[in-house]
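Chemist: Assemble chain R onto chain U, guided by the hints.
Heads up: the sequence lines are chains U and R, in that order.
Quick note, the first sequence lines up with residues 63 to 252 if you use this note's numbering.
Quick note, the second sequence lines up with residues 63 to 252 if you use this note's numbering.
Be a bit skeptical, because a hint or two may be false.
Just so you know, same-sequence chains aren't split out, so a pair can sit in one copy or run between any two.
To be verified - Distance condition first, Cα-Cα at most 20 Å in a straight line; then the derived DMTMM-like pairs of lysine to aspartate or glutamate:
| id | residue 1 | residue 2 |
| --- | --- | --- |
| 1 | LYS250 | GLU212 |
| 2 | LYS193 | ASP145 |
| 3 | LYS126 | GLU211 |
| 4 | LYS125 | GLU211 |
| 5 | LYS72 | GLU178 |
| 6 | LYS125 | ASP210 |
| 7 | LYS93 | GLU164 |
| 8 | LYS150 | GLU102 |
| 9 | LYS125 | GLU212 |
Since the hints were made in silico from the structure, they are not lab data.
No experiment lies behind these values; they were computed from the predicted model shown.
2 protein chains.
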Amino acid sequence: MYPEILAHIKRYVQLQPHEEQLVCDMLELKKYKKKEFLLEPGKICQGNYFIIKGCIRQYFVNKKLNEQIIAFGLENWWIADQDSLLNKQPATSYIQTVEACEVLLLTEKNRIALFEQVPVMESYFRIMMQKAFVSSQRRIGFLFNMNDEERYRNFSKLYPGFMQRVPQYMLASYLGFTPQFLSRLRAKKV
Amino acid sequence: MYPEILAHIKRYVQLQPHEEQLVCDMLELKKYKKKEFLLEPGKICQGNYFIIKGCIRQYFVNKKLNEQIIAFGLENWWIADQDSLLNKQPATSYIQTVEACEVLLLTEKNRIALFEQVPVMESYFRIMMQKAFVSSQRRIGFLFNMNDEERYRNFSKLYPGFMQRVPQYMLASYLGFTPQFLSRLRAKKV
Numbered sequence: 063m064y065p066e067i068l069a070h071i072k073r074y075v076q077l078q079p080h081e082e083q084l085v086c087d088m089l090e091l092k093k094y095k096k097k098e099f100l101l102e103p104g105k106i107c108q109g110n111y112f113i114i115k116g117c118i119r120q121y122f123v124n125k126k127l128n129e130q131i132i133a134f135g136l137e138n139w140w141i142a143d144q145d146s147l148l149n150k151q152p153a154t155s156y157i158q159t160v161e162a163c164e165v166l167l168l169t170e171k172n173r174i175a176l177f178e179q180v181p182v183m184e185s186y187f188r189i190m191m192q193k194a195f196v197s198s199q200r201r202i203g204f205l206f207n208m209n210d211e212e213r214y215r216n217f218s219k220l221y222p223g224f225m226q227r228v229p230q231y232m233l234a235s236y237l238g239f240t241p242q243f244l245s246r247l248r249a250k251k252v
Numbered sequence: 063m064y065p066e067i068l069a070h071i072k073r074y075v076q077l078q079p080h081e082e083q084l085v086c087d088m089l090e091l092k093k094y095k096k097k098e099f100l101l102e103p104g105k106i107c108q109g110n111y112f113i114i115k116g117c118i119r120q121y122f123v124n125k126k127l128n129e130q131i132i133a134f135g136l137e138n139w140w141i142a143d144q145d146s147l148l149n150k151q152p153a154t155s156y157i158q159t160v161e162a163c164e165v166l167l168l169t170e171k172n173r174i175a176l177f178e179q180v181p182v183m184e185s186y187f188r189i190m191m192q193k194a195f196v197s198s199q200r201r202i203g204f205l206f207n208m209n210d211e212e213r214y215r216n217f218s219k220l221y222p223g224f225m226q227r228v229p230q231y232m233l234a235s236y237l238g239f240t241p242q243f244l245s246r247l248r249a250k251k252v
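Just chain U, same shape as in the assembly:
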């Protein structure tokens, strides 16, 4: 049994004891070292990953060969290339561990079987997708309405623990500015 994910699911929907077992039976525990790849462009994303321990990033490599981070994942977050899953197409993003990680993989095949056996899991995933959509819409709002310094301050207020866990250049990539700008900001003792 995986208590972390069961606790997370039960924040949103109710699970009967036998359903808890069914959920856990469908998950695969996987361990990765630091900087290992869970997904690379051209491959089909295997499923949704729930993070038990560690930190993961998702990024594109843009035309100028810069890494553009589009998502971070920490404990109790899901991460996947939803575009690849939804459209059954090769991924366009990398998913890579930032730290050594323990994750639970719910493959697409198992997800479909699980939704049949435990229909309330469909509600849980609908809510997860709705939350993900809301947060990416908020992020678009921040990109339009805040300057670089405001985005940095906002992010460090929202995720104080996180700031210590990722290298500066990754944080700069996520927030959309240069590592040099971030160093100057930090020197100001933001």
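Modeler: Coordinates of chain R only, in the frame set by chain U:
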């Protein structure tokens, strides 16, 4: 019965004839004139709106009192303030018609009842949320990786019919640049 929405739902999930009736029973047909508001900040979003006819925009007013458009909706698209719906909080966005519109409102109360009566509708909404999330992640990628002109060309290639239906200043707001820049681009016969 509302054939447009039933056809849309059946692209993603299967509906039995009696379920089609249940879906339609839960929807309210609403007609709006041009520039009417479906939602304003401070009010709770009533539910999800499916557009049968017309064009709708969703926008924030930022600190500089500029309108920042975060979403457009056309025929066969859903529009709502998902943040307000998910968190049962007052909305922070405006939803307003750009043209005279006919929409189908699925109130939150009716959505919950409908998911109980027609569980496959939960799958349909999960897929809608997943699609919305994927497209907003793509949009974040465009904002980071394309300059203003590239974003304009990309948008006009993806939605050619749409360009004729909205005023230039709205398109500029959605794409994140000034109406003056858009006029110059169009003058170049993009």
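Chemist: Hints first: check each against the structure and report whether it holds.
Modeler: Checked hints:
1. LYS250 - GLU212: within (14 Å within a copy, 35 Å between copies)
2. LYS193 - ASP145: Classified as both: same-chain Cα gap 16 Å, cross-chain 8 Å, threshold 20 Å.
3. LYS126 - GLU211: between (24 Å within a copy, 17 Å between copies)
4. LYS125 - GLU211: Only across copies: LYS125 and GLU211 sit 16 Å apart there, 26 Å inside one copy, limit 20 Å.
5. LYS72 - GLU178: both (18 Å within a copy, 19 Å between copies)
6. LYS125 - ASP210: between (22 Å within a copy, 15 Å between copies)
7. LYS93 - GLU164: For LYS93 and GLU164, only the intra-copy Cα distance (5 Å) is at most 20 Å; the inter-copy one is 52 Å.
8. LYS150 - GLU102: So LYS150 and GLU102 pass the 20 Å test inside one copy only (15 Å; across, 38 Å).
9. LYS125 - GLU212: between (27 Å within a copy, 13 Å between copies)
Hint check: no violations occur; every hint is consistent with the structure.
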